[in-house]
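Colleague: Line by line, the protein sequences are chains S and Y. Each residue of the first sequence is one higher than the one before, counting from 1 in our numbering. Each residue of the second sequence is one higher than the one before, counting from 1001 in our numbering.
None of these hints come from the bench; they were simulated from the model. Just to be clear, a hint being listed does not mean it is correct.
Below, a sample of chain S positions facing chain Y; criterion: calculated Cβ distance under 10 Å [as the list claims (entries may be wrong)]:
(1) R23
(2) D56
(3) I65
(4) A67
(5) A70
(6) A74
(7) H89
(8) R234
This structure is a prediction, so every number in the text was calculated from the model and none was measured. Glycine residues also receive a C-beta, built at the ideal position from the N, C-alpha and C atoms.
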Amino acid sequence: MGKVDFLQGNEACAEGAIAAGCRFFAGYPITPSTEIAERMSARLPEVGGVYVQMEDEIASLAAVIGASWAGVKAMTATAGPGFSLMQEHMGYAVMAETPCVIVNVQRGGPSTGQPTKASQSDVMQARWGSHGDYEIVALSPSTVQEMYDLTIECFNWSERLRVPAVLLTDEVVGHMRERVVLRDDVETVERELPPEGEEIEKPFPMEPDDLVPPMPVFGRGHRVHVTGLTHDERGYPATDDPEVHRKLVMRLCNKVRKRAREIHEEVGYDFEERESDVALVAYGGCARTVIEAAEELGVTVFRPKVVHPFDPDMIRDLLDGYEVLVVEMNLGQYVEMVERALDRECVHLLGYPGGYPPTPERVIREVKKLSG
Amino acid sequence: MTVVDWKELVRWDRMPHILCPGCGNGTILNALVRVLAEKFEEGELDPDKTVLVSGIGCSSRLPGYVKLDSLHTTHGRPLAFATGIKLANPDLEVIVITGDGDAAAIGGNHLIHAARRNLDVTVICANNYIYGMTGGQVSPTTPRGAKSTTTPYGNPEPPFDLCELVMGAGAPHVERWTTAHPAQLKAAIARALEREGFSFIDVLCQCPTNYGRRNDMRDPREMVEWLRENTSTREEEGKIRIGILRDEEREPFHKRMYDMIEEVRTGEEGD
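Assemble the whole structure, with the sequences as input and the hints as a guide.
Modeller: See the structure below:
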């Protein structure tokens, strides 16, 4: 089983990272994520890893990407304003196919907003914050145990797909304390490496197996050129050929999109089916009160742990025929993806701009209004 | 000893390069690959453990022409990427190629902090006083009064002295040369690679296309001549000081970091 502890969500996240094999953390302090950096600064040296506090969030994600190319699993943690600053490098990590984990403990916004209050208003920023077309993986924990478990999943999917993975959590889960099992049977995924000492002529092939090419690592004799520019199979800039760009961007998107269902099934989700006309949908810290309301009302509830990639087929399979109420701590972000998957007329939103999650009573009132 | 020909270090399949005729970056690339070939041949450096990192701009394209592991990053941030590379694997020799806009404007914060930390990297800054790739806009090193596409009436701002800047931030090894001094530039790169810690080489170089054209030095030879005439290895009134401006020793960042890790793990102080 593993060691049982009583931890804060942010502390559990740090422990999950170390269990997943993270040995490099670069970050910049920002509420409400700072305890992750603090725990990492104490814990990483104990396991031979490096903690460095960079000059800002832009530098933090840059250092994380550099460490990843040097062959080390790496992570950073931040909150809204810092996440905004990291967006250019999120795009870089996508384009250069760099595994890395970014924890965003969401707080109220826009701008500096409410540093010590919860929010879920970075859902779309995680998906579309950087310029260009791309896909990433974002997971949303609802408990301290899931802060541990899903951080590990973030590392595993990031390494498997060579994409940045976001632990899209919030202040509620980041700052609460709960019992957590620090499992000792953690399965970790190691990136697929090409053989050492071989120069690689085509490090970015157009159609590799499962669309993810093995990752060359600096210092192993591969002699590769890595760039954020649109590049050909050799990794050389090929910025003026629309066909090269199309093929590259399609592959970068498809390697995530085509495995959307698999990611949902592997990471897991809660689907409590009850005889009801209404189904509630919620994720992250907000889902805790929604689950309580659903139990009390005896209605179906769906809690995804994977926020991105979204799988419309799965949502249709599960929720078709219900009046769906999406509850989230924003004025409507996840709900828009649900609307795309289902009959729009049947999808409703209970949106809070942040601060704290709606109470179960508030959810119950809203459901009663719906069922007339 | 394996003979390492500098020609083997060039990605010939990428030629012709994108640089304009007469560009100073050619001289810098030439010096760099020749020094690297020598270092590899002498066994002082391992080509498989040498990594080039750059940001955005004309000079930042140079690593793409060298057959080594290389990371062409985002505008202004190569030193932040290099910090991760060096700390994650201290066995790697990291060389950062940057320009005046990349290093001192958008990247100014990373520049001073890498110098302060004494990150063990060699920084070669191609300082041509202008944003070349975007078409000739003013940069933080453009001299006062100089013309650019965004200072059509002459630059009203005072320029940065990048060497003074990094020395102020604590850089232990700092040199300034020009493309009119190719032999000295080669020696400077060799020295920088030998030094542990943050080595900074400010290379004043010509951009005939976007700087020279607007400042009465359209011919690259005129600009190289200007660089020769307006620089001096001694303190001289009205001339830019070149040469070794600082050569000290200071413990590099990764060493302190790994000593600390060792101490935490074993409970004993490292050496």
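Colleague: All the hints need checking, so say for each whether the structure fits it.
Modeller: For each hint, the structure was consulted:
1. R23: 8 Å, holds
2. D56: Given a least distance of 7 Å, the restraint on D56/S holds.
3. I65: Holds, because the Cβ-Cβ distance from I65/S to chain Y comes to roughly 6 Å (cut-off 10 Å).
4. A67: 4 Å, holds
5. A70: 4 Å, holds
6. A74: 7 Å, holds
7. H89: 7 Å, holds
8. R234: 8 Å, holds
Comparing the model with each earlier hint shows no violations; every hint is respected.
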